[in-house]
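> Each chain, written out:
4 protein chains.
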Amino acid sequence: MKIERLWGSRLKESPDEAFIEFISGRDVRERPPCDAVLVPYDIWGSRAHAVMLWKQGIVPTEDAQKIISGLHDVTSLYQQGAFPLDPAKEDVHTNIESFLIEKYGLGVGGKLHTARSRNDQVTLDMTLFLRDRNLDFCRHLIALETSLLAGATAYAAVLIPGYTHHQHAMVTTFGHILLSYAESFYRDLLRFRQWHSLFNANPLGGAASYGTSLPIDRELTSLLLGFEKPSVSSLDLITNRWEAEAELSHAISIMMNHLSGLAQTLILFTTTEFGFVTLSDKYCGGSSIMPQKRNPSGLEVIKAKTAVAHGVQSSLYALGKSLFVGYNRDSQWTKYLIMDLIHECEEAPHIMAAILDTLSIDRERAHDLCRTGFITATDLMEAIVNDYSLPLRQAKMLIERAVKYSEQKNTDTITWEGLKQALEEMGLALALTADSVINHQDPATVVSRRKAIGGPTSDVLLKAVDAVTARVREQSEWLQDKTARLDSAQARLDDLEKDLLSHKA
Amino acid sequence: MKIERLWGSRLKESPDEAFIEFISGRDVRERPPCDAVLVPYDIWGSRAHAVMLWKQGIVPTEDAQKIISGLHDVTSLYQQGAFPLDPAKEDVHTNIESFLIEKYGLGVGGKLHTARSRNDQVTLDMTLFLRDRNLDFCRHLIALETSLLAGATAYAAVLIPGYTHHQHAMVTTFGHILLSYAESFYRDLLRFRQWHSLFNANPLGGAASYGTSLPIDRELTSLLLGFEKPSVSSLDLITNRWEAEAELSHAISIMMNHLSGLAQTLILFTTTEFGFVTLSDKYCGGSSIMPQKRNPSGLEVIKAKTAVAHGVQSSLYALGKSLFVGYNRDSQWTKYLIMDLIHECEEAPHIMAAILDTLSIDRERAHDLCRTGFITATDLMEAIVNDYSLPLRQAKMLIERAVKYSEQKNTDTITWEGLKQALEEMGLALALTADSVINHQDPATVVSRRKAIGGPTSDVLLKAVDAVTARVREQSEWLQDKTARLDSAQARLDDLEKDLLSHKA
Amino acid sequence: MKIERLWGSRLKESPDEAFIEFISGRDVRERPPCDAVLVPYDIWGSRAHAVMLWKQGIVPTEDAQKIISGLHDVTSLYQQGAFPLDPAKEDVHTNIESFLIEKYGLGVGGKLHTARSRNDQVTLDMTLFLRDRNLDFCRHLIALETSLLAGATAYAAVLIPGYTHHQHAMVTTFGHILLSYAESFYRDLLRFRQWHSLFNANPLGGAASYGTSLPIDRELTSLLLGFEKPSVSSLDLITNRWEAEAELSHAISIMMNHLSGLAQTLILFTTTEFGFVTLSDKYCGGSSIMPQKRNPSGLEVIKAKTAVAHGVQSSLYALGKSLFVGYNRDSQWTKYLIMDLIHECEEAPHIMAAILDTLSIDRERAHDLCRTGFITATDLMEAIVNDYSLPLRQAKMLIERAVKYSEQKNTDTITWEGLKQALEEMGLALALTADSVINHQDPATVVSRRKAIGGPTSDVLLKAVDAVTARVREQSEWLQDKTARLDSAQARLDDLEKDLLSHKA
Amino acid sequence: MKIERLWGSRLKESPDEAFIEFISGRDVRERPPCDAVLVPYDIWGSRAHAVMLWKQGIVPTEDAQKIISGLHDVTSLYQQGAFPLDPAKEDVHTNIESFLIEKYGLGVGGKLHTARSRNDQVTLDMTLFLRDRNLDFCRHLIALETSLLAGATAYAAVLIPGYTHHQHAMVTTFGHILLSYAESFYRDLLRFRQWHSLFNANPLGGAASYGTSLPIDRELTSLLLGFEKPSVSSLDLITNRWEAEAELSHAISIMMNHLSGLAQTLILFTTTEFGFVTLSDKYCGGSSIMPQKRNPSGLEVIKAKTAVAHGVQSSLYALGKSLFVGYNRDSQWTKYLIMDLIHECEEAPHIMAAILDTLSIDRERAHDLCRTGFITATDLMEAIVNDYSLPLRQAKMLIERAVKYSEQKNTDTITWEGLKQALEEMGLALALTADSVINHQDPATVVSRRKAIGGPTSDVLLKAVDAVTARVREQSEWLQDKTARLDSAQARLDDLEKDLLSHKA
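Chains as they are written, first to last, in the working numbering: chain V, 1 to 505; chain Y, 1 to 505; chain A, 1 to 505; chain C, 1 to 505.
Bound conformation, chain V alone:
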C-alpha cells in the first residue's frame, strides 16, 4: 500500500499543487546555492562589461570575441542544468571567470575583470535580480487586485456583520470588505513601483568603491543593462548594499501585513462559530490524527511568512547600521536574507487570490448574524438624529439605555419596549413606532442608507471599484512599459555583440 498524505478522505477535492508547495515550506525541499539564481545576471553584466571594454579599446577584439563566446557557453550549460557552481570557487563570479580562464587561458579570461571589482559586480547582479523580482511582485499584486475587485463586485450586496474590536459594529457587505483590501494592496503596488524608481541605477564602474583609472564608459553599460543612468557616486551604492534590499523587504513586509490581516479575517469567518465563509477543499489542510479537519493552512502560513518578513527587515536594518564608509563584508548576508524572503513570499499574493476566487459564502448564516449583537444600534441612532434633529450625544445616551433595557429581556436587537423605557427615562417624546424600530434595524435597509464616498451602499461601492480598477490599469501600463525597456536593452546588447563577433580582429 502506498500513502502520500496522512489525511484527505474527508475532502472532496485534492489540494492544489502550488498550495501544497506553499504550505510545505522547507521540510522536504532544499534551498539551492544562492548564487545559482544569479548566473544569468552575472553573465548579462559580464557581456555588457566585455562589450564596453572592447568598444573602449581596453580589451582587443580577438580577446573580447572569445570572452563573449565563453559567456554564451556558460549560458548554454546553465540552461541545460550543466553549470553547477563549484563550492571550491567562492562564488558565481569566480566560477564564471574561472571557466573562461580554464578555457582560454589567463591571457584572455584574465582580462574580463579589468576595471571592475567583485564589489560592483555583486551589487550589479543583485540590482538586476531584484529589479526583476520587484517587477514580478507588481505583476502578482495586479493579479490579486483583479481577484479582489471581481470579489468586491460579486459580493457587493452580500450582507455580513462589520466589526470593530472584534465585536459587532455595523452591518456591511462582503464586497465592502474586499474593496477595502483592494485599496490597501494598491498602496503596496505603488511601493514596489517606488523601488524601481529609487534603485534602477547602474553601479557597474564603481570598482572597489573608489573608481578606476581605466577609460571605461559607464553610460554605455547603463544602456546595455536597462538602467536609467550610471550612479553618480562610485561609493554610495556599494556602502549601502543593504538599502535596496531593505526597501524591497519593507514593501514585502507591508504587503504581507495586509495579507496577514485578510488571512486572519478569513480564518475567523471560517470558524464553526462565525461559519459564513467556506474555503475550497483545494486550499485546506487536514490533520494527522483528527478525522474531521479542514484547516485554513494556507492562511496560517501567510501569517507565518509575515513574521519572517519582519525579521528580515530587522536584520537588514541592523546589518546596515553604523557601517564604516566603503564596502564591508557584512553586506554579503543581505543577499541570503532578501533571496529567502522573496522565495517565501512571492507566491503569497497568488495563493490569496486563489483562495478568494474559490471560497463560498453562506449568505443565510451571514444575514442571521446581521440581526445579533445590537449591530444596527448605530443606524437606529442616526435615523433618530436625522428625523428628530436630536443632538448626537443625546441620541447616543438614549440608544445606550435602549440597548441595556432590551438586553435585560434577552434579545440582542433593540426592542420597541426597550427604547420606550429609555425615552421615558430621558423625558423624550419622539413619534417612533414599533414598526419603525424594526425597519430602522433591517440589515439591507441600513446598508442602503450609508451613501457617502467610501461607504457600503452598492452604488457607492461599485463606483469605488471602478476608480480602483482604473488606477490599477495605469500601473499595469507602467509595468508593461518597464518590461519593454528591459527587452530593448537586451536587444541592443545582442546587436553590439553581433558587431563584435563579426569584426575582424
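Keep in mind the hints are simulated off the structure, nothing from the lab.
Do not rely on the hints blindly, as some may be mistaken.
The list treats identical chains as interchangeable, and a pair is accepted whether it falls inside one copy or across any two copies.
To be verified - Listed next, the in silico DSSO-like pairs over lysine-lysine satisfying Cα-Cα at most 27 Å (straight line):
#1 498 / 420
#2 451 / 55
#3 404 / 12
#4 482 / 282
It should be emphasised that the depicted structure is a prediction, and the values quoted were computed from it without experimental measurement.
Fit chains Y, A and C to the supplied structure of chain V, relying on the hints for placement.
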C-alpha cells in the same frame, strides 16, 4: 559655588544648546502627553467637520456658529498654554468636545460629533500631524544636503585614505566621501516625498469604519483640510492605522542608518589613531572623571537613535500583523511609537549638518596616511594594465607579490625592489623604472586619474555635485508647492467660517 | 452639564481605575524625566560609596559626615516632591553632586566623586532600579499564577471546545486552558529569576571602565548595596550596558507574548459568534459613536504593548551590536527604552488577573458548541481503535468518511448512518450501535476519558494544578528571601552611617 | 590554468578550511531540506513511543517488533545516505510512517501513530534537536572561554590604550580586555544552561493538543527520551511552539552581540591606523581587484550573522504574538528560522577562538599609543588627589586646564609647563616636579596602580582569570553530567527494545 556641568574646562567653546538638548535625551526632560501636539489638528478637523455639517443642513446655523466660536476659544486658550488636557477625559477629542458641551450645553456641543467617530477623528488628526512632520523631514534633509554639497565642493581636493573592510583600499578625497552621502540622503528625501503621495487622503467620513447614513460631504472636508481626495474606502485607513506610521518610520530608519554610517565614519576619523578630523568643541562632550576627554557624543547619540528607529519599525510591523478587519484598539499605541520616534530623530539631520559645517581636517595627517597600507597598489596595477596591456589577473598576481616582497622589507608602499623581484619571479619584462613606481603611487596623481562618472577626480566630482544640487532644487520646489497648498486650504476654511458667522440663523 | 467619558450608559458597572489608566496610555498623561525614578538609587549608591571612601581613609571623617547629611537632605526633599531635576544639570548624578557642592562647597562636595565615574554610577543606578523592577515582575506573575490556578480549579469541569488552527479540534474544559497558561507563565517567572542571578553583581568601582588607582573596597560597597559580589571585570558591565536591559526586555517580551495569546483567545471567546465568555463591565470600553459597544479594550491593549516589547528588544539588540570596547554614549538610550517598556508592561499581569477573576462563562452556550464542528470525531475514532484494535490509520480513514457522509446530511456530528456507510465502503464489520455512536460523542464522556498526564480529565487536571501550585510556592519563597537580603543590606548601611555620624572627626 | 580563488598571492599561509566555509555563506552551498536533520530524532521518538505502546498493551508484540525493526531499517538507510525525504510526502513524519506502511502494511505500520499527533511529534523532534544543539553551544562557549582565558594570561602585561567613546581613556592591557569578554561569554553559557532547564520536558502524549483517551504512559517515554518529566499540560508546549526557539535565539543573539563587539574591536585594532593587532593569514580574506588586501572577513561575517540573529528573534516573537490557543500552522516556520540561525552561528565561537589563538600583537606600536591622546591624564589626576588630598572636582579642573595648555604646545601628554600654568591659574601650590609628572604618566606604572578588584594590574587580573576558570569548570561538569544522562536514556531504550524483540508474540 555653582556648577552645571562636571566637565568643560578643557574646551575652548561652549557646547551648542540644541546639541546639549539632543544628547541629554530624557534624563532630565519630561515627555508631555501625546495628545498635546494634536490639539491644533483636532481643532482643524472639527472646524472643517462643523462647517460641512452646516453646509449640509445637518447642524443648524446658530448651533454651528457656537461650535466654531467655541473651537476658536480652545485655540486661543491652547496658544496661551491654558488648555491643559484633563486626564479624567480620556483624550484630546473628549477634552475638546467636553469644553463645548460644558460651555454651550448638550443641545449644541453634543452635535459636533454627528456623523463621525473617534476612529476616523484620530486617524484624521494623526494624518494631519504626520503630514506636517513628514514635510519637516523633507525640509531638514534639504538643509543637510546643502551642507554635504558645500562640503563636497570645499573638500573636493583634500586627499584621504579610502577604505573597504576598514582597511586601506584606494586614495580618495573627503569631498568624494561627502558626495556619496549626499546621494544616499537624496533617496531619503524621495522616500519622505513618497509618504506624502501615499497618505495625503482624507479619512474623515469613514465614521466607525463602515460609513454613516447622514448626508455628509467628504469632498468638501477634503478641500478644507488640504487633502487630494477622500479615501475611497471607509474601512481601509482605519484598519490600517499603523501603515502610515510604519511608512514614515521606515523612511526615518533608512535615513538614520545613513546618518549612523556617516557618524561611525566620523567617529573613526576623529580617533587619536586616524586623527585627521577634529570636531568643533561646540559638538563635543566631556567626561565626569577623565580630564582630557573630547567625546563625539552627538555622533554616538545618532547611532543610539538609529537603534531606536529600528525598534519602532519592528513594533509597528508587529502591531499591524494579522489584525482582524475593522478598528482594533491595538492601533492606539502606534501614536506613541511614531511620536516618540519623530521626537528622537527630527533634529538628527540638523545636528549632523552642524557637525559637518564646523569640523576641521588635518590635511597633512590625512596625506601621510595616503602613503601607508599599500593603498596605491591598485592604481599601480591599473597603470601597468593600461601601459602594458597585461591581463588584469596577471597584473594582480604581480602586484600581490610585489606587496609581499616590499612588506618583508618593512615598507608599506610598493618598492621598486619588491616589484622587480615579483617581475622576475613571474618572468615578466616590463619597461618600468624606480621613478615610475613612485609616480604611479603618488596620492594626488592616482586620484586625478580616476575619471569615470562617480569617481573622485575633482572635475568629475564637481559635476556630480552640480547634478545632485539640481535634483535637490527640484525637491525644494515640490516642497514649497505642497506647503502652499496647505496654506490655501486653511484660507478656504477661514472664508467659509466667515460666511457661517455672518449668516443670520 | 459635565461629561467625562463619551460612552457608558450601557454598562452596569464603572470601569476600574487601574484599567482606565492602563488603556488610556499616554494620550493625556505625561512621562516624567527618566532620571526622576533613579534619585533613590543614586542616593543609595552615593551613600555606600561615601561610607566606603571614609572607611578607606580616602575622604576624612568630617567631609564624609557632611556628604552623608547632604544626601539625607536630598532624600527628604525628594520624598516631599521638592527635589525637581534641573534640566540645566545634565542628569540625576550632576543634580545631586551639585546640591552637595552648592551646600558644602567644592572642598567637601567635590570629594564624593573620587574614584568613580558616571559610567559606573549610572550602571549601578540602573542595576539597582532594574533589580527592584525585576523582583516586582516576579511578584506580579505570582499573583497572576494564583488567579489562573484558582480559575483552573473553578472551571475544571466546564466544557468548552478545544481548537487547533482556529477550528474545532477536541472538547476540553476552560480549566484545562487556564492551567496551560499557568504553565507558560511559570516559565516566565523562572526567566525573571534568572535575570536576578545573572546581573546581581556590583559594577561600582569600575570607574571610567578601566579601574582606579585609589584604594577602594569593592567588597564593602557590594555588601552595602545588596550584591552577591563585585564584578570581576571593571570593563565588562560598562561595555555591555544594554545586556541586562535586553535580558529583562526578553523576559518581558515572552511574558507579553503569553499574555497576548491569552488575550486573543479571550477576545474570540467574547465575540457574538463564540459568545461563551463575558467580561465584566469593569474591564470593558465603549465607543464614541456606537451605543451597543462593550469592547475588550484591555485585551487589545495587551496585544499592542506586546508589539512595543518586541520593538524595544530589537532596539536593544541593535544598539548593543558591534560596539567597540569600553563605554559608548549609545548606551544612554538603553535607559529610556527599558524604562518605557517597564512602564508599559508592569501592570499587564495584574490587569489580566483582574479580567480573569471577574469574567463569566455561559456554560450552556459552550456546551452547545461542543456538539458542533465534528469536534468529537477523534474521540469516536480512538474508542473504535481501543475497542476493536483497529490500526489508527484505518480507523482515521473510516471516520473521515463518516464525517463526509454525515456532513452531506447537514449534521455536524457523526451520525450512525454516516458511520454505517463508511463501514460498508471499507468492508469493516464492527459491533457498533447507534447508541454507542452517540455515547462516544458525548462531550462530558469524551473529556473524562483523556486521563494521561497533561489531559483535561478533572482528576488529572487538579493534580496538575497542585503540582504548579507547589512550584509557584517555591518561587514565592525565593522572592521573599531575596527581598529580605536587600532589606538587610540597607540596615547594614544605616548602621555604618550611624558609626560615621557619631565619630569624632 | 586552474584558479580557485582570485586572491591570495600576497598571503603566506592558506586560509583555514572551516574559515572559508564560514565566510562563504550560502553563495555556492545549498541548504538541505530541514527535516533531514530530524530523521534521527523522529526515529528516537518513534522507538520510544512504540515500546511504550507495546508495554501498555495498545499495540501487540508482533506488530511492535516489526515497527521497531522497520525503524532500525530507516536508521541504517539514513546513515548510508539512502533515506532521501520524498517531497511528495509532506514531512519527515510522513516519510517514515509511509516506509513502515509500505513495508509492513497498514495493519502494522498504521498502528505507530496511535495516541499521538504530528503536533506533539514535531514538538518532540524539535525539542530533541534543539536540546542537542543547545548543549553544543555550551561546548563551543567553553572552548572559547579557554582561548580567552589563555589570552588574558598571556597578554596580562601587554599595554594597550583603553578607550571610551572610541577615544583614548586610560591605559590598560590586552589581557584586561580579553578577560572582560571572558566574563561576558560566561553569562552566555549560563543562558544556554537555562534553556536546558526550561525546556527539557516531554511533550509527547499531548496528541493534537488535548490529550488522548488511550492508556499511554508518559513517564515511560520521558525516561526513554532523557527528559526530566512529562509536560504537565498537553496544550502549553504545542501552543507555544515558538518559545523554546525564541529562547535559544535570544541566547544566540546576545552571544553574537558579544562576538560582534569583540569583532569590531579587533577590526579597529587591525586597521593601518591603530595597527597593533595582526590577524593570521589563515583568517584573512583578499580582494578580487586590490592586490594589497588582508581583510578581516571572518570578523565582518560575525557582525553580519549577528544581524541575522536579531532578525530571527524578531520573527519568532512576531510569530508567537497573539496566537489563539491550540496548535496553529504558523508555528511550522519556527523550525526553519531556528535551524537557519543555528547553522549560521554554531561555528562563530570556534572561528573567534581560532582568530584569537593566532593573532599577533605589535607591542611597540601599542606602547607608543599609550603615550598619546592624554591617555594618562586621569592617572595623574588621581595621583594628585591621593598625594595632596585635593577634592576630585578641583583636581579634575586643574588637569583639564593642564591638558588645554599642553595641547597648545602641540604635545599630547601633559607637560610640566602646562600643569604649572594650570596650578598658577587656580592658585594651587603643590609640591610636584617635572619628574613626577612624567612618572605619573608612565604607561606601565599607571596600570600597576589600578589594583581594585576588576582592574588591570597583573595580580588582580590573574586572580580574575582564576575565578572565571573555576566557574567555567563547573559548567563543564554540568555539561558532562547532562550528556551522560542522555546516553543512559538511550541505553535504557536499547534494553527495552531487546526485551521486546526477544519476546514471544
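> Determine for every hint whether it applies to the structure shown.
A quick look at each hint next to the structure:
Taking the shortest Cα distances, residue 498 and residue 420 never come within 27 Å of each other, neither inside one copy (89 Å) nor across copies (42 Å). For a Cα distance limit of 27 Å, the shortest separation of residue 451 from residue 55 across copies, 17 Å, qualifies, whereas the shortest one inside one copy, 65 Å, does not. In this assembly of identical chains, the alpha carbons of residue 404 and residue 12 lie at most 27 Å apart only when taken from different copies (8 Å versus 46 Å within one copy). Taking CA atoms no more than 27 Å apart as the test, residue 482 paired with residue 282 passes in neither setting, with 35 Å inside one copy and 47 Å between copies.
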